[in-house]
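S.K.: Read off the chains here:
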Amino acid sequence: MSRLSFSNLPLRTAVLFLFLVVATWSSSSRIHAQAKDLGWSGYTSSDELNSTLAEIVQQNADRARLRQIGTSGEGRPLWMVEIGRRDRRNPDERPALLVVAGVDGTHLPGTEACLSLIKNALTRNDPAQEEESGSPDFSTLLSKNTLYVIPRINPDVTEHLFRWPLSDRKTNTRPVDNDRDGTTDEDGPEDLNGDGVITSMRKRDPAGSEMAHEKDPRLHKKSSQTKGEVSTYKIYPEGIDNDGDGEINEDGPGGVELNRNFPFQYDLHDPATGPHQISEPESRALADFFLSHRNIAAVLVYGPEDNLVAGTKSTRGSGGPSSGGPRAGTRAGRGEAARSGFGGRQPVTSIAADDLPYFTYMAEKYQEITKATGKSVPSPAGSFLNWVYYHYGIPGLGASIWSGPPKKTEEPDEVKEGDSPDPKEPEARPGRQEGERGDREFGGRGRGRRGGRGAPPMPPSAGGDSPDEDQQWLAYSTDRLLGEGFVDWSPYDHPTLGEVEIGGFVPFLRLNPPADDITPLLDSQVRFVWTLMGLLPNVSVEKTDVVEKGSGLFEVNVTVRNNGYLPTALRHGLATRQMRPIQVELLLGEQKLLAGDAKRRIDRLEGSGKTSDHSWLIQGKKGSSVLIKVTSRKGGSSRVEVRL
Amino acid sequence: MKTNSTVLRANALSSVDSSNQGNSPMSIGIRIFLLLALIVPHSTGQPAVAADRVKVPLRFDHFYDFEELTSALHSLAEAYPQLLDLASIGKSFEGRDMWLMTIHNPKTGPEMEKAAMWIDGNIHGNEVQASEVCLYTIWYLMENYGRIEEITRIVDERVFYVLPSQNPDGRAHWFNALNTSSSSRSGKKPTDNDGDGLFDEDGYDDLDGDGELLMMRRKNVDGRWRPSHDDPRLMERAPAGEPGGYDILGYEGIDNDGDGRINEDGPGGYDLNRNWPSDWEPEYIQFGASEYPLCHPESKSISRFILAHPNIAGVQSYHNTGGMILRGPGSQSFGSYPRQDAAVYDLLGEKGEKILPYYKYMIIWKDLYTVYGGFVNWTYEGLGIFSFTNELFSSKKYYHDKNAERSRGGNTERLKFDDWLEFGHQYVEWKPATHPTYGDIELGGWRRETGRVPPVWMLQEECHRNFAFTVLHADQMPLVSVREITVKSLDQGVHEITATVENTRLIPSVSARAREKRIGLPDFFSIESLDLKVLSGGILTSKDFNRLNVVEYRPERIAIEGGVSSAKAGGGGGFRGGRGGGSGSSGPVTVRWYVTGKGTATLRYESQKGGVSTGIVTIK
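Protein chains in written order, with this note's numbering: chain F, 1 to 644; chain V, 1 to 620.
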C-alpha cells in the first residue's frame with residue numbers, strides 16, 4: 001500500500017505541488033523549476049508538529065501534558081510530551097522512559113515514530129485490547145510509569161530538509177568561521193544547475209583521485225596507483241568559490257552538529273562540535289531536561305545511530321568490579337598510565353561486562369518485535385546517546401527505524417506493493433550510512449576536519465563509499481524513487497573550474513526513505529516502546545512481617561523487590577556515582593527504635609524479582625502501626641503500613 | 001633602474017596620551033573619600049604614591065567581603081572614568097553580580113586591537129585574598145598612571161580584564177557564615193552530596209554561638225589523641241603504646257538529618273574550577289566536575305565573555321595557597337605542552353620565582369595534583385592563551401624561612417607566630433561545650449583567617465609582588481609592529497613591496513598550541529589600496545636566496561598561520577638569554593607583493609592577540 005502513491009502519477013504530482021507550496025511559503029530561497037520528489041512531504045514539518053502536538057495533547061489532558069523545554073537557535077519551540085495518567089503520584093517520581101528524536105536533525109523518521117507513539121498512548125483504550133506477547137497491561141504502565149517524548153529536539157536542522165535547495169548540511173545555523181578567514185558563512189553551496197539539490201561536480205583531471213566505476217560510469221571509485229589505475233576525475237561539491245580563496249563551499253551556513261555536542265568523547269577543537277560541550281540551546285535544553293528528571297531509567301534515541309537492530313558490542317574488554325576505580329577500557333588517544341591517588345582514574349569507554357547482557361536483551365526484544373534487520377551504526381563522538389550511559393549510567397538505546405532498501409534481487413524493476421526488507425539478508429542495509437554521517441561528509445565536520453586551508457571538503461554524494469553499495473543505492477533510486485535519488489551528470493560551465501559535470505546522489509537519500517515507507521514500520525516501534533516501558537525497574541514492598549518478641553519488643557521485617565527487568569542501577573551507573581541508592585525508611589510513631597538505622601540504603605537491586613531484606617528491632621504498643629517507606633528514584637516509591 | 005625606497009615605522013600605540021590624568025573633578029574624590037568605610041587617612045604609606053595624591057585610598061591590610069569589594073570597585077570606576085569600565089557580566093547562582101573591571105585607554109586605540117590580560121581570582125570562595133590582589137592591580141595601575149612611566153606605557157598599550165571574584169557566593173558565605181579556612185570553596189547551588197534526596201541539609205553548626213567554626217574534641221580514656229608535647233594547646237596523635245585520652249570529632253556540627261553522619265552535606269559541594277571545557281571529566285573521574293562543563297551560571301557567564309574577547313592573550317587566575325606559579329597540563333594523560341610554548345612558560349615562570357620569594361614554578365599534575373577541567377587548562381589548552389595560576393601565600397613567609405614545614409613542627413611554629421606577632425588572635429583555646437550526640441565536648445583551634453591567607457599586615461606585599469609578576473606577564477604579551485617597508489621598482493611598471501613585521505615581546509602572536517589546534521584566526525598581513533593592483537604576493541622565507549612562498553589566492557591578504565614570534569624568544573640574546581624558541585620560524589615575518597599602478601597603499605598586520613600595526617607605502 002505504501003508504495004502505491006509512487007506509481008500513481010496524479011498523487012505524485014500533488015505531492016510535488018505540496019512540496020513546492022511548502023518551499024514557497026516557508027523559505028525565501030529560490031524556487032526551482034525542478035524540485036526533487038523524494039517522498040519526504042509525508043514527513044511532519046515543524047509547523048505541523050506544533051499544531052499536531054497542541055491538538056492531540058489538549059484533547060487528552062488526563063493522560064498527557066505538553067511542555068516547552070526550550071527554544072531553538074532560530075526560535076522554534078522544543079516540545080516535550082509527558083505521558084502518564086494523572087493521579088496522586090507525581091509523574092516525575094515514577095520510573096520513566098525518555099524517547100528523543102532528531103538529536104541528529106537530518107533523520108526524519110524518528111519524529112514520525114514519536115508522533116505515532118503519542119497518538120497511540122492517547123487514543124488507545126486499555127486494557128484488554130492488546131494483551132499479546134505478555135507485555136504488561138497498558139493501564140498499569142500509564143499509572144506506574146512516565147513516558148517522556150521529545151519528538152524533535154533539533155528542529156532548525158530538520159527544517160532545512162524541507163527547503164530548497166537541499167544540501168547535506170547537518171549543522172544548525174550558528175555562524176561559524178569554518179575557514180578561519182575572519183568572515184562567517186561566506187562560501188556556501190549554490191544550486192548551479194537549478195535542480196533543487198546540492199550534489200557534486202566532477203571535472204576531468206588526472207590530478208584527481210577518482211576514476212569511473214567499471215560497472216557503471218555514473219559512479220566513481222578511488223583509483224589505486226598500486227594497481228596501475230589512472231585517475232580521471234576530481235570531485236567538488238556543487239557551488240562556486242564565493243570568497244576567492246581557491247576553495248569551494250568551505251564555509252557554508254552553520255554550524256554545530258548537535259549530536260556531537262555532548263561531553264562524552266567530545267572533541268573541543270572541531271568547529272562542527274561547537275565552542276564547548278552542550279553549547280547549543282537545543283543540547284542544553286535536552287541535557288537539562290534529562291538531568292532534572294532523574295527518574296529516567298532508560299533512554300531511546302531515534303536517529304541514524306543504531307544499537308538495537310543488530311545489538312551492541314562491548315568494544316574492549318570490560319568487566320571486573322566496577323566500584324568506580326580504574327576500569328578496563330582506555331581513554332581514547334591518551335596515555336594509559338595515570339598517577340595513582342588524586343584523580344588517577346581513567347574514564348570508561350566501553351560497556352561494562354555486567355551491563356552488556358541488558359543491552360543485548362533489549363536489542364533482541366527490538367528485533368523480535370520490529371523484525372528489523374541491519375547493521376549496528378555507532379554513535380558519533382559527543383553523542384547524546386553515549387553520554388547518558390557513559391556519564392550517567394543510564395541504558396541508552398538507539399534505533400534508526402528504517403534499515404535501508406532490500407539488497408538488489410533478480411528482478412529489480414518491479415517494485416511490488418508489500419515488498420519489505422528481507423529479514424535474513426545480512427546486507428539489507430547497504431547504505432554505508434557512515435558516509436552520510438561519518439567523517440567523510442563535506443560540511444559535516446566543517447572544513448574537512450583539521451584540513452582547514454588546503455584540504456577541500458569531501459563531496460557529499462559522488463560516491464567514495466564502497467562502490468558496490470553505491471550501485472545498490474543507485475538501483476534503489478531508480479526502482480523506488482523513479483530516479484529522483486540520483487542526478488545524472490550533465491555538463492556545466494563553471495566560473496573557475498571551467499567544464500565540469502554536475503550530478504550524483506541526492507543528500508540524505510540513505511537516511512530518509514519516502515515517508516510512505518516509514519508508515520508501515522511505526523506500529524512495531526510503538527509496541528517496542530511499550531515493551532521497553534515494561535522493562536523499567538519496578539520496586540515495591542514484597543512482604544512485611546512482624547515477630548513479637550515479648551514485652552513490647554517487635555522485630556519488623558520487610559522484603560523489597562524489583563519486579564521490573566532492569567536493575568535499579570547498572571554496574572556502570574554505580575561507577576558513575578550518579579545513582580541515588582534505594583532508601584528504605586522506617587517511620588515510627590510513639591515506638592522506639594532499639595537497633596539499626598532508621599534509613600537503610602540499597603545501592604543496586606537487580607530486576608526479575610530480586611529481593612532485599614531489612615529488619616529492625618523496635619519497642620512499642622501492640623496493635624500500633626509503623627510506616628515503611630521505600631524510595632527508588634528509578635524504580636518508584638511506595639509506603640506500607642505495618643501493624644504490630 | 002631607479003629604486004624607490006621608503007622606510008616606515010608605524011605603531012598605533014606608540015603615542016602616549018599623558019593629558020588624561022588628574023582631570024577628574026575634585027568633588028568626586030571627596031565624595032568617594034566620604035563614602036568609603038575603609039579609608040585610612042594616609043597613615044599606611046603607599047610607597048609608590050605620595051599619600052596626598054592618592055585618589056582612592058583603599059587599604060590593603062584588610063579582606064574585603066563581597067559588598068566591600070563591590071563598593072571599592074565602584075569607587076575606582078567613578079574615580080577613573082576615562083580608563084575604567086565596571087560591568088556585571090552575569091549573576092551568580094544566588095544572584096550576586098559578577099563584577100568585571102575593564103582597564104583600557106580608548107585614546108590609544110580600539111580595545112579589540114590590543115592584547116588583553118585576563119586576571120581573576122577567588123574561583124574557590126574561601127581563597128579570598130585573590131580578590132585583594134585583583135583589586136590592588138586595578139588600584140595600583142590607576143594611581144600610578146601618568147606618574148610612573150612604565151605603568152603608563154603598559155596601560156596605554158594593553159587592555160586588562162579583571163574579575164576579582166569568580167565565585168561571589170562562595171566569597172560572601174566565607175565571610176558571613178561559619179567556615180574554616182578551607183570551606184566555602186564551592187559555589188552555592190544546593191547539591192545532594194550524600195545521595196539522600198535532600199540538599200545541603202547537614203552543614204556546620206555553631207554549637208556555642210561564638211561565631212567561630214572550631215574543632216570538637218572529647219575526653220575518652222580510649223581516645224588516640226593527646227595534647228601535643230610541644231605545646232599542649234595543639235593536639236597530636238598518641239604514639240603507639242602511649243595513652244591518648246582524647247577523641248577528635250571533626251568540625252563543629254551536629255547530625256542535622258539523622259542519618260548517623262555529621263556535616264556530610266553542607267552548602268554547595270562542587271568545584272567551579274573543574275567545570276571548564278578542556279580536558280574535562282565527569283564526576284566519577286574528577287570530584288566536583290558537576291553535571292557538564294559550564295553548567296553553572298558563574299562559569300557560563302565567564303566563558304561567554306572570554307569567547308567574545310579573542311584579544312585576550314594572557315591569563316592569570318589567583319588562588320591560594322602554597323606559593324606556586326602553576327601552569328598546565330592538569331593531567332598526565334593530556335600529554336605535554338608544545339616545546340616552543342613550554343619554553344615561553346619557563347622564561348616567565350623563572351622570572352616569577354625571583355619576583356615572588358618562596359614561590360615555585362610548577363606543573364599542575366606533576367608537582368601538585370591532577371586537575372581535569374581547570375580554568376587555566378581551558379584558557380591555554382582550549383584557547384591557546386598563556387595562562388598561570390598563582391597559589392597565593394606560603395607558610396614559609398611566617399618567618400621568612402624557606403625550610404619551614406607545614407607538618408606538626410610547622411604548626412607549633414605557627415602557634416608561636418600567633419602568640420608573638422598576632423597576639424593570640426588566630427588560635428582559640430579549648431573551651432567546654434555540649435553536643436546533642438557526643439555529650440560534653442570541648443571546642444578549640446584555628447580561626448579561618450589562618451593558614452591559607454596571610455596575616456592582614458602581610459597582605460599588601462603579597463598583593464604587590466603578584467601584581468608585579470602578572471604585569472610582567474602582561475607586558476610580554478605579543479605586540480606586533482610593522483618594522484620596515486621597502487619598495488623596489490621592476491620593469492614594466494611593476495613594483496616589489498617588501499614589508500617586515502616584528503613582535504617585540506616574548507609571547508608569540510599565535511601560540512604553538514593555537515596553531516596546532518587551529519584555534520582562533522591566523523594573523524593576516526594585507527595590503528589595501530585603491531590605486532595599486534596586486535599581481536602576486538607571498539611570504540618571504542629567505543631574503544638571501546629570495547625564497548618566496550607564493551600565495552595563490554587573495555595575495556592581498558596573506559594568512560600568517562604561525563603568527564609572529566619574538567626574536568627574543570628564539571636563539572641568541574634577548575629576554576633571558578638564548579633559551580628555547582619561538583613558534584618554529586622564530587623572529588620577524590616578511591612578506592612581498594608585486595603591484596602595478598601609482599598611489600598609496602596601507603599595509604596592515606592584524607593579529608587577534610598581538611594587536612594591529614599599519615604602515616603606509618606610496619609609489620610615485
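Everything labelled a hint here was simulated from the structure, so no lab data went into it. Note that the structure is a prediction, hence the values are computed from the model and not measured. Be careful, since some hints might not be right.
[To be verified] Some chain V residues well away from chain F (every beta-carbon gap over 10 Å; in silico):
1. G223
2. D247
3. G260
4. L307
5. G322
[To be verified] Restraint ranges, calculated between C-beta atoms of paired labels, are given here:
6. F/L627 <-> V/S71: 35 to 41 Å
7. F/D216 <-> V/R339: 40 to 46 Å
8. F/G552 <-> V/P232: 23 to 29 Å
9. F/D137 <-> V/L198: 34 to 40 Å
10. F/A61 <-> V/I248: 57 to 63 Å
11. F/Q59 <-> V/S71: 20 to 26 Å
12. V/R339 <-> F/S209: 31 to 37 Å
13. F/D137 <-> V/R218: 37 to 43 Å
14. V/D440 <-> F/L594: 21 to 27 Å
15. F/Q58 <-> V/A87: 43 to 49 Å
16. F/H269 <-> V/A87: 27 to 33 Å
17. V/D440 <-> F/R577: 35 to 41 Å
18. V/R218 <-> F/S139: 32 to 38 Å
19. F/E641 <-> V/A87: 26 to 32 Å
[Claimed, not checked] Chain F is faced by these chain V residues, among others (derived, beta-carbon under 7 Å):
20. R261
21. G288
22. K396
23. Y399
24. V550
25. E556
Ideal Cβ placement from N, Cα and C applies to all residues, glycine included.
S.K.: Each hint needs a verdict: does it hold in this structure or not?
M.R.: How the hints compare with the structure:
Distance check on V/G223: its Cβ is at least 25 Å (rounded) from any Cβ of chain F, clearing the 10 Å threshold; non-interface status holds. For V/D247, the condition that its CB be more than 10 Å from all CB atoms of chain F holds, with the nearest at approximately 21 Å. Non-interface call for V/G260 relative to chain F: violated, since the shortest CB-CB distance, roughly 6 Å, does not exceed 10 Å. Not every CB of chain F is more than 10 Å from the CB of V/L307 (nearest about 6 Å), against its label as outside the interface.
Distance check on V/G322: its Cβ is at least 15 Å (rounded) from any Cβ of chain F, clearing the 10 Å threshold; non-interface status holds. Restraint check, F/L627 to V/S71: a C-beta distance of roughly 53 Å breaks the suggested window 35 to 41 Å. Between F/D216 and V/R339 the CB atoms are about 52 Å apart, so this pair departs from the stated range of 40 to 46 Å. Distance hint check for F/G552 and V/P232: the Cβ-Cβ separation is about 50 Å, which falls outside the suggested range of 23 to 29 Å.
Hint check: F/D137 to V/L198, Cβ distance near 35 Å, so the stated range 34 to 40 Å holds. Separated by about 59 Å at the C-beta atoms, F/A61 and V/I248 satisfy the suggested range of 57 to 63 Å. Under the hint 20 to 26 Å, the C-beta atoms of F/Q59 and V/S71, about 58 Å apart, miss the expected range. Distance hint check for V/R339 and F/S209: the Cβ-Cβ separation is about 35 Å, which falls inside the suggested range of 31 to 37 Å.
Restraint check, F/D137 to V/R218: a C-beta distance of roughly 59 Å breaks the suggested window 37 to 43 Å. Checking the proposed 21 to 27 Å range against V/D440 and F/L594 shows it holds: the Cβ atoms sit about 25 Å from each other. Between F/Q58 and V/A87 the beta carbon distance is about 45 Å. The supplied range of 43 to 49 Å therefore holds. Between F/H269 and V/A87, the C-beta spacing of about 30 Å keeps the proposed range 27 to 33 Å intact.
One distance hint, 35 to 41 Å for the beta-carbon pair V/D440 and F/R577, holds here, with the actual separation near 37 Å. For the pair V/R218 and F/S139, the supplied restraint of 32 to 38 Å is violated, since their beta-carbon distance comes to about 58 Å. Distance hint for F/E641 and V/A87: a CB-CB separation of about 59 Å, inconsistent with the stated range 26 to 32 Å. Hint status for V/R261: violated, given a least beta-carbon distance of 10 Å to chain F, over 7 Å.
Of the supplied interface hints, the one on V/G288 is violated, with its beta-carbon coming no nearer than about 11 Å to a beta-carbon of chain F, more than 7 Å. Given hint, V/K396 at the interface with chain F, is violated; its Cβ is 23 Å from that chain's nearest Cβ, farther than 7 Å. The beta carbon of V/Y399 is not positioned within 7 Å of any beta carbon in chain F (closest approach about 30 Å), and the interface hint is therefore violated. Because the closest C-beta pair between V/V550 and chain F is about 12 Å apart, greater than 7 Å, the hint is violated.
Because the closest C-beta pair between V/E556 and chain F is about 10 Å apart, greater than 7 Å, the hint is violated.
This entry does not satisfy hints 3, 4, 6, 7, 8, 11, 13, 18, 19, 20, 21, 22, 23, 24 and 25, going by the numbered hints stated previously.
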